[in-house]
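**Student:** Protein chains in written order, with my numbering: chain S, 1 to 426; chain G, 1001 to 1500; chain D, 2001 to 2153.
Warning: the hint list may mix true and false statements.
Unchecked claim - Here are the computed distance ranges between Cβ atoms for each label pair: (1) G:1042 / D:2009: 53 to 63 angstroms; (2) S:202 / D:2084: 48 to 58 angstroms; (3) G:1042 / S:349: 43 to 53 angstroms; (4) D:2034 / G:1126: 49 to 59 angstroms; (5) S:364 / G:1036: 55 to 65 angstroms; (6) S:312 / G:1267: 47 to 57 angstroms; (7) S:67 / D:2041: 33 to 43 angstroms; (8) D:2041 / S:139: 16 to 26 angstroms.
Said to hold, decoys possible - Covered, in the sense of this in silico footprint (three residues per stretch, anywhere, with C-beta under 8 angstroms from a C-beta of chain G), are these stretches of chain D: (9) 2003–2017; (10) 2128–2142.
To be verified - Some but not every residue of chain S turned toward chain D, in silico, with C-beta under 7 angstroms: (11) 35; (12) 37; (13) 59; (14) 109; (15) 119; (16) 121; (17) 288; (18) 297; (19) 318; (20) 319; (21) 325; (22) 373; (23) 406; (24) 408.
In short, the hints are calculated from the structure, not lab data. Beta carbons are placed, not taken as given, at the ideal position from N, Cα and C, and that holds for glycine.
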Amino acid sequence: MAYVLIGNSAAAIGAIEGVRSVDLDGEIILFSDEPYHTYSRPLISYYLDGKVQEEKMYYRPADFYKRNRVEAHLGSRVAALAPEKKTITLADGQTVPYDKLLLATGGKPIVPPLPGRELDGVFTFLKWDDVKALEQTLAPGMRTVVIGAGLIGLKATEALVKRGVAVTVVELANRVLSAILDEAAARLVQESMLEHGVKFYLENTVAEVLGRDGKVAGVRLRDGAEIPCERLVIAIGVFPNTDLAQGTAIKVNRGIVVDERMATTVPDIFAAGDVTEGFDTIYQQQRVLPILPNAYKQGFTAGINMAGEVRAYKGGFAMNSIGFFDLPLITAGIVRPEGEGYLSLTQADPGARKYKKVVLKDNKVVGFIALNQIDRAGILTGLMEQEVDASPFLEHLLREDFGYAYLPAAYRQEQMLKGVSGGVRA
Amino acid sequence: MPISLSTPNFLIDRNRERCINCQVCVRQCAFEAHSWDAEDERVVTDDLKCVACHRCVTFCPTHALSIRRFPLEFRENANWTANAIKAIYKQAETGGILLTGMGNDQPYPIYWDHLLLNASQVTNPSIDPLREPMELKTFLGRKPDTLRFRGGKLAEKLPPQLELEVPVMFSAMSFGSISLNAIKSLARAAADMGTFYNTGEGGLHRELYQYGEHTIVQVASGRFGVHPEYLAQGAAIEIKIGQGAKPGIGGHLPGEKVGAEVSRTRMIPEGTDAISPAPHHDIYSIEDLRQLIYSLKEATRYEKPVSVKIAAVHNVAAIASGIARAGADIIAIDGFRGGTGAAPLRTRDNVGIPIELALAAVDSRLREEGIRSQVSLVIGGSIRNSADVVKAIALGADAVYIGTAALISLGCHLCQKCNTGKCNWGIATQDPNLVKRLNPDIGAERAANLLRAWEHEIKELLGGMGINALESLRGNRLMLRGVGLSDRDLNILGVKAAGE
Amino acid sequence: MKRVYAREEVCAGCKLCEVHCAVAHSAYPQDIVKAFLRQKVKPIARVLVEENRPISFALQCRHCDEAPCTKACITGAMQKDPLTGVVTNEETRCVGCWTCILSCPFGAIKRDETGRKVAAKCDLCSSAGTLPVCVQHCPNDALVFAEEPGWRR
C-alpha cells in the first residue's frame, strides 16, 4: 500500500500519525514544495520577533520521518494529478503512483491586483521563507504598512513593532480582527496596539503601491491619502490552494469539498487542512476553516480512513488563541450574531481590558470571546462541541470561576469519570 | 451598643516562619476564626471565635498552628473561677440559658479511676488470648429462671436476645444531632464488628435500613420517625425515658438543623424545631410503661427484645426494679457524664449521678430481689477505654454503650460546640458543606478499629485475671478493689478496699 | 491506564491537593515551607478545586485517550506518551500560545507565567515517579488513583 501525501504541515503530519495508528507497514511518501522539515506555520511571527529560534520552529522532532518510516521529498513540488492513472507528476516530470493520495496543500495568500505590487519591498506573510526574506531587509526606524488587520496582519504587526519598525495598519472593515471579534472587543485590542505606537486606518484600503527606483516608497489609500513607507506586508488572508485539483473530477467550491471521512469526490483521493471545505458544526454547512487544530484533526481522520479503517470527523468550527503584546485572546464560533434566535451574554471591564462574551442559540453555546480572562476557556469550547443544553446554568456562564461545579451533576460526573474527553475525537 | 465583656477562651498561635498562607485553615474553620486579609496578603485570626476543635491545627500542611488557653489572668479565686465569672457576663448579655454539648466536664470523682483489677499470680493461672480461645460473646435479653428440656432439646423458645461479639455498643445519637455520615460510619462499624448501634430519637434513615440487623431503634418521648417499618427494621427496640446528660428534661433540635432529610426521617415539617417532651405523655406510671413495652412487643410479635433507657438518678435502683417487673428485657442506664448534642449547661453539670454507683446499686438490688436474670444491664456515661469496660462488667453490667468515645474515634475533639451545628469534623452538623468532611469509609474503619483494639485489650485484661469467658466476670465484684474511696463508697459499690 | 478520580461527595474543599501539587512541581519538592516562602513567585498547582457550595471537587488533566490539546498544539510540545498514556507538555518547545487552553474541555491547563510563558498541567507526577501527590495527601480520601471505573463502590 502506497500512501502519497502532498503537503508537509499540520494536516499532512496528522495524516501520517493517522495512517501509522492503523497501518505500520504501508509505504508513506511525502512531497513538499518547501525545503524544510515540517515546521509550524503559526510560529513564523514568533521567529520574526526573535521569540523562537530556528531549532524550535519544527512541528515534530528531527527523527519524525524516520520513526514513522516516511519517505519525505522536501523541496519537491507536485505539478499535476492524474487520478485516472492514479499517479501524480512532479515539477521535474517524474510520475509517482499512489494507492491513496492526500491533498494537504494548504492555502495561498490573497494578493489583490494592486498596481505596484511587483516593487521591491512587498511581502506576504505565510511561509517561513516569506519571513526570512522580510527579516533580512528590516532595520529599526523603518516604516512598514501592513494591509489587513486580521490574525496574520496583527501578528506580523506585533513582530515588526518588537523589531523596532514603525507600523501602520490598513483594514477594510470597521474594526481589527473583524472575523473573530465584535466592535467592543476589537476596540480594546486596538487600544492596546495604539499604546505600542501602531497606527490604524480602518474602513480603508490600499489602492496603489508607490515606488522610487524600483523600491517601495509608500502607499496611496482608496481615499487618496498617502502613507510613506519602505516595506509593505500584504496580510489580507489566505484562500485554499486548490491548483492541483483544477481540471480533475475533484469537486471544488471555495476549497476542496470533503465528507466526514475526508474523502473527496474522487475515489482514493483525500484532502485535509486549509485546502478543504469541511463541515462546520456551528454554521452547519461546508466551510473553509483554516486553523491548525482543524487541519490536524482532518489530517488524522484522513490518515485513518486512507488506511482502511472507517472513522468520521463530524466537523470543526472556528477557534483561535492569540495574543498581542501580552494581551491574550481566545475566540470561537459565532461572536457577532446576525439574524434571529441568538442570545448574547456580555461582561466588560474596559479599564482592565477584560471582555467576555458568550453567544447562544437555542440554549446552546455557539460562540464566545474571552479577552484577557482566558483561563479555562476550553470549557466553553467543549460545551459547543458537545452541543450541551446550557439552560440550567445560563446565569453562570460569565462567572470568573465558571466550571464543572456549575454544570448539572450527571453531566459532570459522566465527563470526569470517563477518562477521555467526551466525544472529542479526531 | 454597650461593649461585650466576652473575652477569647483560646489563643491561636501561628508560627509566621512556617505559615505559607495557603488558607487551608481559612477554608476549614466553620467558626470563621481564620480569615484572609487581601490587602496584606496573609491569614489573620480572630481568637474570640476559636473553640479549640483543632481542625486547623490538624490540617495545616506545615504544622504552623497551635491552640493555647487565652492568657487572661483573673485574680486568683478558688471560688469564683474564670468560667464562673464568664458565665455571668454571658447571661448578663443574653438573658438566656447557657447551652453546651457533650458530657459533664466538671471535676466530680471518677470512680473508674478508683477501681483496680485483679491479676493471677500463682494459682488460677493467666490465659494468653493470643494462644487460647477467649469468649467475649454476650447475649442481651431476658433469661428464663428455669430451663426445661424435652428429648435433649430446650422445651420452650428462649425470649429474644441480641447477640454481641464484643460487649460494647454505640449508644443513642440521633440523626439530627449528628450527621448521616456519622451514623453511617457507626452502623457499618457495628455491622463489621458484630455489635449494635442505636438510632436515638431521630428515626431511621432509609439508607440505614440495610444495617437493620445491627440497629437498635429508639422510641423516645417525641416518637419521631416511629412507624411500623421502623420497628420492623430494628433488632431491638429501646424506649427512652431519660438521658444521662439531661435527666428530667426533654430534647431540642433547632429548626435550622431540620433539613429535608431530617424532616423526612423524623416525620416532622422542615425547619420546625424538634422538641421532645420530658415525659412520654402516655407514660405517667410504671403500669403505663408496662403497657407501652407490651404494645411494642405485640407490634413486633415478641421477636425483638425491648429495652428501657433511663438516666442515672437518685432512686435508680428502685426504678430499675420496677422496669424489670414491667417486662423490659434490657435496662440501659446512662450516667451523668453521658454526652448530648445540646443541653442546658447547669442541667448537664449538676443533675444525675455517676454510672459506677448507679450500676452497682441496680445490680445489687436486682440480685437481692431475685430478678437479675430477667433483664440485661447496659450502661453508658463516659466509658473511656477498655479498662472502664472491664470494670463495668465486673460491677454487674452485661455490656456498655459508648457515645463520646465513638465520636472521638470519628474525629471529635470535644470542643463542646455541638449545639451550634458548626462541627468542623462533620459529626454534629447538618450543614452539607461540613457533613461531607466525614467520609463514612474512613469513619467506619476508625470506629471499627476502636472496637477491635478494645476487644483485644479486654481479652488481655481478662486473661490476666485467669478468666476466659466474659460471663465469669459479670458482677464478679471480687475482681475489683477500691483505692482512695470512703467506706460508704466501697459499700455502695460492693467492692473491698485494696489491701483487703 | 490509572487516572486520578475525584469523589465530590467527600471533598472537604480544603485545597491541600493544590498545595502539595504546587510543592511537588516547585524548586523544593520536599520542603513545603521553602517552596512557598523561598521562591519569589508562588509555585503553580496543576490541580484546581472547583467550588459551588456545597459541591467541591478537585479537577485536573484527564489524560484523555484522544487528547484535544495534543491535536491543537502548534509546536508539537503537547504529546501523549504511547506507553504510559500520560499527556505532558515539553516546556522547552512550548511558546505559550494557549491553543491548548482553548481546546481543553476540562479547563485543566494553566498559564505558567512565572518564567517563560508555558502551559502547565497535571503530569500524574510521572516526572517524580511517585503516586500522584494530590492522592497521597488528600485528608479525606476524596481522590483515588485507579483504573476507571474500578474505583466506584
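**Student:** So, for every hint listed, does it hold in this structure?
**Tutor:** Against the structure, the hints:
no. : hint                                : verdict
1   : G:1042 / D:2009: 53 to 63 angstroms : violated, 33 angstroms
2   : S:202 / D:2084: 48 to 58 angstroms  : holds, 51 angstroms
3   : G:1042 / S:349: 43 to 53 angstroms  : violated, 27 angstroms
4   : D:2034 / G:1126: 49 to 59 angstroms : holds, 54 angstroms
5   : S:364 / G:1036: 55 to 65 angstroms  : violated, 38 angstroms
6   : S:312 / G:1267: 47 to 57 angstroms  : holds, 56 angstroms
7   : S:67 / D:2041: 33 to 43 angstroms   : holds, 38 angstroms
8   : D:2041 / S:139: 16 to 26 angstroms  : violated, 37 angstroms
9   : 2003–2017                           : holds (count 8)
10  : 2128–2142                           : holds (count 5)
11  : 35                                  : violated, 19 angstroms
12  : 37                                  : violated, 12 angstroms
13  : 59                                  : holds, 5 angstroms
14  : 109                                 : violated, 19 angstroms
15  : 119                                 : violated, 33 angstroms
16  : 121                                 : violated, 29 angstroms
17  : 288                                 : violated, 18 angstroms
18  : 297                                 : holds, 5 angstroms
19  : 318                                 : violated, 11 angstroms
20  : 319                                 : holds, 6 angstroms
21  : 325                                 : violated, 13 angstroms
22  : 373                                 : violated, 11 angstroms
23  : 406                                 : holds, 6 angstroms
24  : 408                                 : violated, 11 angstroms
Checked against the numbered hints above, the structure violates hints 1, 3, 5, 8, 11, 12, 14, 15, 16, 17, 19, 21, 22, 24; every other hint is satisfied.
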